[in-house]
Every structure is written in C-alpha cells, then in structure tokens.
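Each chain, written out:
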Amino acid sequence: MMLLEMASSAFPSRRAFYDPAADKSISYEELLHAARIKSQVLRESGTQRCVLLDTTNLGIPIALFSSAWAGIPYVPINYRLTLDEIDALLERVQPAYLITDRDREPRYRGRSGLHVATREEFRDAGPINSADDFHWSMEPDEIAVLLFTSGTTGIPKAALMRQRHLCSYILGSVEFMSATEDEATLVSVPPYHIAGIGAILSSVYSGRRVVQMPQFDAIEWLRLVREHNVTTAFVVPTMLARIVKALEGRSTAGLPNLQSIAYGGGKMPKSIVARALELFPDTEFTNAYGLTETSSTITVLGPEEHRNALSSDDPDVRRRLASVGMPLPGIELDIRDAEGNSLPDGSHGEVYVRGDQVSGEYEGRGSTLDSDGWFCTRDAGYIEKNYLFLEGRSDDVIVRGGENLSPGEIEDVLLDHAHVQDAAVIGIPNDEWGESVAAVVCINGSVSVSELQNWVRDRMRSSRVPELIEFWEELPYNETGKLLRRVIRDRLSN
Amino acid sequence: MAILSTGQRLKSGVCTTEIMVITAPQEDLDLTCGGAPMTSNGDESNVSLDPAFAEGTTIGKRYVNADGKLEILCVKPGQGTLAISGDRLKLKDSKKLPKTD
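Sequence order for the protein chains is A and B.
For the first sequence, our numbering assigns the number 11 to the initial residue and increments by one for each residue that follows.
For the second sequence, our numbering assigns the number -14 to the initial residue and increments by one for each residue that follows.
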C-alpha cells in the first residue's frame, strides 16, 4: 500500500494500468481511490481472503491493493486448473471474497464460505456504510499474498508473502519514479504467477504504465508492443520461443522502441536467447531467476553480460549466457551438499538463498528457513566467479551407479548441437546402475541417435551419454514454461 | 531517543516528511527532521522548522547515516533535513539495476 500511496502522491494522473481489449485505463490516483473503496467492500463482506479466479484485467491491481488495505491476504488462483482442483484450493482459503468471470460465477454463487462477485460486480461495488472508512495497516508482518505453487511434484503448497517480503523486494530492485511517462511494460504472465505480482508492484513503484495481456499469443504480443509503444516486457521461456518462431524468416523484429526484455520462470534454451538477440538488436536482455518463495527475482544476468557472452573469445564469458547471473543487492547465495554443508565455489550442490525478501513460508507448515535464515530452493546448481548456474530441480538429479548426474548439464550439451531445438534429460530405472540417462529431443533437420550420443561422448564423461534417445515433436511444458518431467517420465515408461 | 525497527513509519513534527525504516542498528538513535524529533504520529506542536535543517527531503530517496547502519526511505517529502544527533543523513547512491519484471 505504501508503494501505491507514494506513486499516487508523486504522479497522481499518470496512467498506471491499461487494458487494450477494453481500451480502458486507470491512473495511480484512481487506483488508490479504488483500493480504498474496495477495501471497505472486502471488510464489510466479513471474509478473510480475497480470492481472484480470473484472467488479467483492470480489476487485478485493485484486488491486490484493496486486500492490502483491508489487511487480508490476496490469493490469485490458477484458472487453468480443473474444476476439482480449483474446488480443493477454495476449500483451503475460505471464508473468502471470490472475484471471478461471468462464466464461472454460477458454479460458486451461494456456496458456503464464499462471497462471490463477478469482475463487473466487484468493479461497481461500493461500501454500504461509507462512514466506516479506515486507514490501512502499517504492519510489516501482515500476510500480503498467498500463492499456490505450481504443484508439478505434488499437492500445491500455499506460499505466503508478508508485506515486508514484497516491500524488501521492490525497494531492493526498483528505483522510485525511475520510469518516464512514455514508458510502458507489457505484462503477459498470468496474475497467479509471482512474476505477475512482481510486475504490478515494480511498475507502480517505478511509475511505468502496464499494458495488460490476458492471454499470450506471439503475433498479438508483437502487435501490442508496436501499437502501444511498449518499452519493456517480461516473458517466460515458452513465450520467447513462440515469439522467435513467429518471426521466422525475418532478420529483425523491427521493434526499436522495445528497450528491454526480461525472461525467467524456467530454463531458457541458449539457442532461443541467441536468436532473440539477433531479432531484437536494439533491445537489452535480462535473465531473472527467482521463486515464489523468494518474492520473485533473486539473481539477474544483465544486458551487458548477454552482449559480452556473444562477442567474447573468453570461454568463461561465453558460458555466462547459460547462467542466471549474480544476486540482487541484499541477497546472499550458498551452495550446499545433501547434508547442508556449505561447498566451495565451483562445486555442484543445492542452491540456498538468504535475504529480507525471502519468505520460505507456507501456510499450515510455517517457515522452512533454517535458524540462520537460509532457504533451500531445491534447485541444483553451482557458482562460478559469482555467477550462478542452475542444473534443474535437485529431485531431478540422476543417480547412476552412485554418481550424481545433472540433467541440465547434459541438456545444455545436447542443445549446443545445431539440429537440436529442445531437449529434456531424465533418469529411467536401470537394473544395473539404479538409474540410467534418457533424453527426449526435438530436432530440426536430420540427425541420428548415434550422432547425438557421440556428440555428448565427445564433450562429457561417458556416464553422461544418454542410453536412450527419443525424438518428439515437442516437449510438455505447463503454461508458465515449466518443463513437466513427470509427464516425460510417464510417457517414456509406457 | 529510540531503537528503530525495520518497517517502522515515522513523521516529522515540523514539516510533511514521512519516512520508513529500511535497516537500523540495535542502538538508541536520535532521529530528527528539520531539527525536531521524528515520532510515530508527527505530533510536535510546540516546535518549528530549524532553518539550519531545511534543505528538504525527496520522495522515494533513501538516506543513510555515516556508518551506513541506518537506512531510511522518504515516503512523503517535506522541507526539513534528516539527521541523527545533528549529523545530516546522506542520500544513498542508487545502483542502476536492469528491469526484471
């Protein structure tokens, strides 16, 4: 709330959010006013959560800020889940004020524990008793957001972020009022993704107009960038891959106004980044790595490092294109072994992170930070000369004959092959070794299994050579760009 | 004199300045704005702005003390100058970071 109040006092009439589909926008002053009104609506409803089950629209920032004002957690839910999955999540968050679209509304209306409003009803809602005006709490420990993790490995966990976590993240990574009035950012990540929350907060604090995109489509994305003079954008790997594909045959995207593209949220194939750098010669690229539990970004690989990686003769500098960069100010990293012992630089282990923005807390199970405040990301990786390299989830590490093999490392080598477009490496059960290496690759052109095996053998120890390689049309990703290894494993075992 | 804590909000008693504490040491500090103590409600009706501490504060800027252990954020600007025991706080240099989201 403090962030919005500051923005509203510094640039009240500047356009804050713009919905191109409805051709409607809202200024910072209007947003602050709406947050105040809706906070009373939320409070009068007597509910304890504000749940959002809807695609991106102008009501989203209002829901986020009015929840903060009312002092109740904001809970955006993934509308792409099945109805049963959504029901299970709703059970966990009621009594709740549910904002949803008109198509979904009848299913939930009248259900106990839910106060249901359509997007339009929420927009038009006013308090019954306007004398009941109150100021927002300044309690830094108040829960701001509950986000269900994507649950690629099990039941979704409700990660919670307190006001102080989000505030630390914004203050540590964004300069107040750093954007000029003509800057705009295109937000195509869904509202239930941590990057969607981060985008709202950092845009408000920097004074950068948000152009909303409810449903990603590469052609539409390119059109919006052009038509609305978009200057920055964040994309997940699948989005950038589709944008690059949509520009096939072109030498450049012809979007010189697009100053920067940040990407993150999953592993980005190096070939896509390299191609994107060619297509957007005037655009700066930033790789951001973060988790829901860390209030978004914790490490950044900046534009200069991207350029240097492409032009340098130094193999260390070139390799940095595969890194997620260096920690933000206020963030510390550590690599540890399975027993939790700190490892020296260059050693492979699990990534631990510490900092004021790191929550590491889940509803119902409390904080998972250790006594010194460190959070285990469950991501495997190593640090080399201050640069963090990720090697996939530590649960995905393949144990072959007692040796730990990183899927990411083998995938990187496969992706370096000119005919390999995408690759996933997983462990499959093996009687002799416990697990053995299998790869699923998407290729363009003609290449054989033995050629790829030789390619890996020439570059890595023989234990890393995939014993099984299958060619697939495409790899399974969830809609925010996370590779679904479980799906690959299931399909391979059949 | 008070021990400040992260997230704490304070108001000036002599101008419109409001701040939030970002980091603070575990020690008693005499934080003033415009020469008068900062308090949680800004209530300091008997004093006026000291002209020697009237360079003003800027919204969104961060201020630090000499040893860097205290860092505060100006959330509302005003005419006073921020100081600890008479020593002016300095503007913290901002490091430009690439936009990430």
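Please keep in mind that the hints were generated in silico from the structure rather than gathered at the bench.
Mixed in with the good hints, there may be bad ones.
Only pairs whose alpha carbons sit at most 30 Å apart, straight line, appear in this in silico DSSO-like list of lysine-lysine [what the hints assert, rightly or not]:
hint: 1; chain 1: B; residue 1: 61; chain 2: B; residue 2: 77
hint: 2; chain 1: B; residue 1: 54; chain 2: A; residue 2: 395
hint: 3; chain 1: A; residue 1: 395; chain 2: B; residue 2: 77
Consistency of the hints with the structure:
1. B:61 <-> B:77: holds, 17 Å
2. B:54 <-> A:395: Holds, at roughly 28 Å.
3. A:395 <-> B:77: This hinted pair holds, its Cα atoms lying about 27 Å apart.
Of the numbered hints listed earlier, not one is contradicted by the structure.
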